[in-house]
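Visitor: Sequence:
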Amino acid sequence: MPMEKTFNPTEAEARISTLWTNAKVGAAGANAKPGPNGEPAQAFSIMIPPPNVTGSLHMGHAFNNTLQDILIRWHRMRGFDTLWQVGTDHAGIATQMVVERELARDKSNATRREMGRDAFLAKVWEWKEQSGGTIINQLKRLGASCDWDREAFTMSGNFPDAVTKVFVDMYTKGLIYRGKRLVNWDPHFETAISDLEVENTEVAGHMWHFKYILEGGQKYEYIEKDAEGTVTLREMRDYISIATTRPETMLGDGAVAVHPSDTRYAPIVGKMVHLPLCDRLIPIITDDYPDPTFGSGAVKITGAHDFNDYAVAKRHTLPCYRLMDTRAQMRADGAPYADAVKRARDIAAGSPTDENEVDTLNLVPEKYRGLDRIAARTQIIADINALGLCVSTLHTEIDPETGSEHLTREPYVEAKNIMQPFGDRSRVVIEPMLTDQWFVDTQKIVGPALDAVRTGQTRILPQSGERTYYHWLENIEPWCISRQLWWGHQIPVWYGLDLTTDGFSDDEGDNALDEVELLTILGDGGYIDREARPHCAADLTTVSEAFRDDLAPLPHPLNTARITEVADRATAVAVLAQSLATYNLTQDSTHLTYPIWRDPDVLDTWFSSGLWPIGTLGWPDNTPELQRYFPTSTLITGSDIIFFWVARMMMMQLAVVGQVPFRQVYLHGLVRDAKGKKMSKSLGNVVDPLDIIDEYGADALRFANAAMASLGGVLKFDKQRIAGYRNFGTKLWNACRFAEMNGVWDGHTTSEPPHPTATANRWIMGEAAKTLAEVNQALTDYRFDTAANALYSFVWGKVCDWYVEFAKPLFDGPHAQETRQTMAWVLDHCMILLHPFTPFITEDLWPTTGTRAKLLVHTDWPTISLDLIDPEADREMAFVTTLIDEIRSARAQVHVPVGLKTDLIATALTPEARATYTRNAAIIHRLARVATFTEGPAPKGAITLPAPGATFALPLQGLIDIDEEKSRLQKTMDKLAKEIAGLKGRLGNPLFAASAPEDVVEEATANLTAREDEHAKLRAALTRLADLI
RNA sequence: GGGCGGUUAGCUCAGCGGUAGAGCACUACGUUGACAUCGUAGUGGCCACUGGUUCGAUCCCAGUACCGCCCACCA
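This note's numbering applies: residue 6 is where the first sequence begins, and numbers increase by one.
In short, the hints are calculated from the structure, not lab data. Just so we're clear, the structure is a prediction, and the values are computed from it rather than from any experiment. Mixed in with the good hints, there may be bad ones.
Here are the simulated DMTMM-like pairs of lysine to aspartate or glutamate, each with C-alpha atoms no more than 20 Å apart in a straight line [to be verified]:
1) K372 - D404
2) K276 - D330
3) K736 - D693
4) K683 - D890
5) K683 - E204
6) K906 - D865
7) K185 - D429
8) K421 - D696
9) K347 - D267
10) K775 - D908
11) K276 - E207
12) K230 - D267
13) K736 - D243
14) K449 - D200
15) K803 - E745
16) K775 - D786
17) K945 - D908
18) K276 - E204
19) K10 - D806
20) K1022 - E877
21) K230 - E220
22) K185 - D678
23) K319 - D284
24) K724 - D678
25) K721 - E757
26) K683 - E207
27) K989 - D968
28) K906 - E917
29) K224 - D200
30) K276 - D231
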């Protein structure tokens, strides 16, 4: 059956995809070739950056996975033992969001909180089973040759165990700790998030100025000076002026800070000021943080709601009063304001406290409790203004009726752009929030990750990525890894209640059990107080043993209490109380229960994806895959996640198994639209790769991706370019079709290289060898663009433009058979070399064009030698193609009709040139449309064409326009003259000869001779032309 | 504010010490034994600017301008 005119991607891609899947072509180790002495094949492995399980394929994925597939296919064909590990990430926040949204579509559904943790998680799993695998199938449409049977998921298989083990190990080594810290809090998801999940965006904001009045009506002289020290303002003040963009946080202020060098406030440092609306006094302190040149130079310090303030508060041991709840509304919990503020005053006066107690104090006055922070802000500004404590402006208003003037006072509001933090998923404003969280002590594990790149154990491309990597790691902050979510790896830490110290109370300070009762039960020395030492272990049994050890020193019967896991702290308190009470009554020691509960938080998704390289290979078991494929070879990923993922994988793998996770990192930019804009739904410029595949085929998209992949560039997506590469596929297809029509494939099997004698055949084989070497080198250097361009110019520019044309006359001559063999060999190589880039069309052509032993995907990558390059053939073909080009060009410029064949006369010819011409006469005549060839003098009115060792003439008397030909000659001569002048100038400079390398001088000399020769020939032609008139 | 990059043909980008390349677009011609998703020929660039190093600079160095990206941030 003859080939169709074009490749049909839609039909072929589905068919071939199935073929590959069924044949498991991407299975780990498929097509691996042992070495000559039976040693195992070298391993080459890539971990796919796991897409979110909620995700669907976008342009970035398409780009990223194309590059991975090219490397994998290339290595697999070369006989490496390859693994491309595929899988998805559970994506804590994103997935929880998707499932919650799904649930909310039907109002009759229970919400997440209503249904509770277990039921909700069941829903998530249900969703995952139904809709979670979309992107995996989309990857298949792209032609990705992953090992599909090894598909991993961060919440399945051994992965959760691996995550737990790492947590436990790191906890045991002191690399993970828990603490009350200021963290980024997402009020929508009601969870902490890491610094990296916060996007700072500039928004229009406002700044207000408040006056905090000095205690006891004190006054001081406020003096402002300019840069020369001249006094510009001098007045008596009873206040200090502070500026803020967050007025509502003033309720929690712990101090006002000024710079120690700021002479304006020197008189009042250490004095107390009244905090408006709050019935509290706070001190004026000095710290390096305030910038004396900004605002008033005085900063209110709200430790619980600002990162800078928090640092100041820590330095000065100021209490950090939390003002908001998990939804970022003003707190409505705890004791009445009067009680709370009384206690706060005591603390300020020196009463001992701790951060847990401070956290219980709600310093939000009743009036603002429960308000959203923005509503509270408006109210607070109004209230402070009413007290006359806003720096304000006075407006003169004229009553239109009476004409009388009166003054109004309005708070002075400075319009100001401020950077506001937004959650990268929730898009709501992030609040700094003081909460208990888990942290990785990154300082302790960052060293090996830095060293590994510094010493080149892991290399990063482009190299600028290394500097970015160093910069971040050298300034790394603790990593907050706990999330107040449900979907994820729950932290393997359990808590119990402390029975060994004074008082039995929960951390709210409520006594849950009468102490007298307790003493009666437990006897002297047995007490219950707050939380006991938590225990971290992979499983409940181990944890129970740890608690049992803790209980052991306690008096009977507590030391034998039955350890039971309960849901949460509140339950534990109730259960323990109940248990003790029951024991008291029955005196039955076997019924004493010691309840423990698990930390409800889950781990940051990046904590688990940070373990992707070892986790997917079966760690902590020392599996054969782990031994073979780890450390992995190359990581290809977007430069946007260098911190999120790359740096963390480096730190984690080095901390856990002491090895780098990968040898090479290739970072690429974001795929943008044709104008360079970020693709986004709101802009409506999102291009769906599946639409592109439908329209142009996966191969076109892939080839375009490869061709765009220059190091460090911005990736602008252009549909026209895709169309161009679709055309490229058609070109290859039709070259094969041409071959088919000429019997090239008859009886063809993948063969040994032929040994042709015709120059064109020898030449094209050399070109193939050059291309192979270029592609190999380019892929070794991760220059996908160079490789793609080399293939494009070989297949289109050499094979199709020239070789196929050369073959046409050769098929009619004595070299017909060897030309068929050569063409088959050349086109085979086109298919093979293109296969990693355009796998579908080449796999489809492969069996059509010969009897093949294997699928193309498993066909050996050629190892042809550069010896195939035949310099003599190269020189000869250069002569031929240049001559053809010149004849065509000359004809076109003097408007010789395309259909008209013309005669060609050689006016001068060296024996060598004559031989060359004769050998290729058929080709030249056909492609340059030559009717007859003779040697002899040029007739009048001919066009002169110089060539190495020859001068040709096209007798076109009557056909050519003399003036046009003269201007053509003149133009070429001008160009030559310019070059000659340049070369002469250089060669004439004695310093050039002295300093330039020999080969450069030689080349320049040779060039000069050739140009001068050409110029002379053209001058002669011009003279002859002049004779004509 | 700190860091990293970019500025080359109308557009998108390669090149990076020996005086400039590709694809697309554009113009003219064209059913020549595969391909109009094509062919042939052509137009188009003081390689951002200013200095320096060099026999020689688009390429190296310094500065300037503009454009990106990342990080931090003035209450």
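Visitor: Each hint needs a verdict: does it hold in this structure or not?
Guide: Okay, the hints, checked on the actual structure:
1. Our distance criterion of 20 Å between C-alpha atoms is broken by K372 and D404, whose separation comes to about 35 Å.
2. A distance of roughly 32 Å separates the Cα atoms of K276 and D330; the hinted pair therefore is violated under the 20 Å criterion.
3. Distance restraint check for K736 and D693: the Cα-Cα separation of roughly 26 Å exceeds the 20 Å cut-off, and the hinted pair is therefore not satisfied.
4. A hinted pair counts as satisfied when its Cα atoms are at most 20 Å apart, and K683 with D890 does not qualify at roughly 44 Å.
5. Note on K683 and E204: the hinted pairing holds, with a Cα-Cα distance of about 16 Å set against a maximum of 20 Å.
6. Distance check on the hinted pair: K906 and D865 sit about 46 Å apart at the alpha-carbon level, beyond 20 Å; violated.
7. Proximity of K185 to D429 is assessed by CA-CA distance (about 23 Å); at most 20 Å being required, the pair is judged violated.
8. For the hint pairing K421 with D696, the CA-to-CA distance comes to about 44 Å; that exceeds 20 Å, so the pair is violated.
9. A hinted pair counts as satisfied when its Cα atoms are at most 20 Å apart, and K347 with D267 does not qualify at roughly 33 Å.
10. With a CA separation close to 36 Å, the supplied pair K775 and D908 exceeds the 20 Å bound.
11. Annotation: proposed proximity of K276 to E207 is violated, straight-line Cα distance about 36 Å (limit 20 Å).
12. At most 20 Å may separate the alpha-carbon atoms for a hinted pair to count; K230 and D267 meet this at roughly 11 Å.
13. Restraint check for K736 and D243: the C-alpha separation of about 86 Å exceeds 20 Å, so the hint is violated.
14. For the proposed pair K449 and D200, the alpha carbon gap of about 19 Å is at most 20 Å, so the pair holds.
15. For the hint pairing K803 with E745, the CA-to-CA distance comes to about 19 Å; that is within 20 Å, so the pair holds.
16. With a CA separation close to 16 Å, the supplied pair K775 and D786 stays within the 20 Å bound.
17. A threshold of 20 Å between alpha carbons decides the hint, and for K945 with D908 the separation of about 14 Å falls inside it, so the pair holds.
18. A threshold of 20 Å between alpha carbons decides the hint, and for K276 with E204 the separation of about 39 Å lies outside it, so the pair is violated.
19. Proposed proximity of K10 and D806 is supported: the alpha carbons are some 18 Å apart, at most 20 Å.
20. The straight-line distance between the Cα atoms of K1022 and E877 is roughly 25 Å, outside the 20 Å bound, and the hint therefore fails.
21. Distance restraint check for K230 and E220: the Cα-Cα separation of roughly 26 Å exceeds the 20 Å cut-off, and the hinted pair is therefore not satisfied.
22. The suggested pairing of K185 with D678 is violated, with an alpha-carbon distance near 44 Å, which exceeds 20 Å.
23. Note on K319 and D284: the hinted pairing is violated, with a Cα-Cα distance of about 23 Å set against a maximum of 20 Å.
24. With a CA separation close to 9 Å, the supplied pair K724 and D678 stays within the 20 Å bound.
25. Our distance criterion of 20 Å between C-alpha atoms is broken by K721 and E757, whose separation comes to about 42 Å.
26. Distance restraint check for K683 and E207: the Cα-Cα separation of roughly 18 Å lies within the 20 Å cut-off, and the hinted pair is therefore satisfied.
27. Taken as a hint, the K989 and D968 pair is broken in the structure, with Cα atoms around 30 Å apart against an allowance of 20 Å.
28. A distance of roughly 26 Å separates the Cα atoms of K906 and E917; the hinted pair therefore is violated under the 20 Å criterion.
29. Only pairs whose Cα atoms come within 20 Å are accepted, and K224 paired with D200 is rejected, the gap being roughly 43 Å.
30. Note on K276 and D231: the hinted pairing is violated, with a Cα-Cα distance of about 26 Å set against a maximum of 20 Å.
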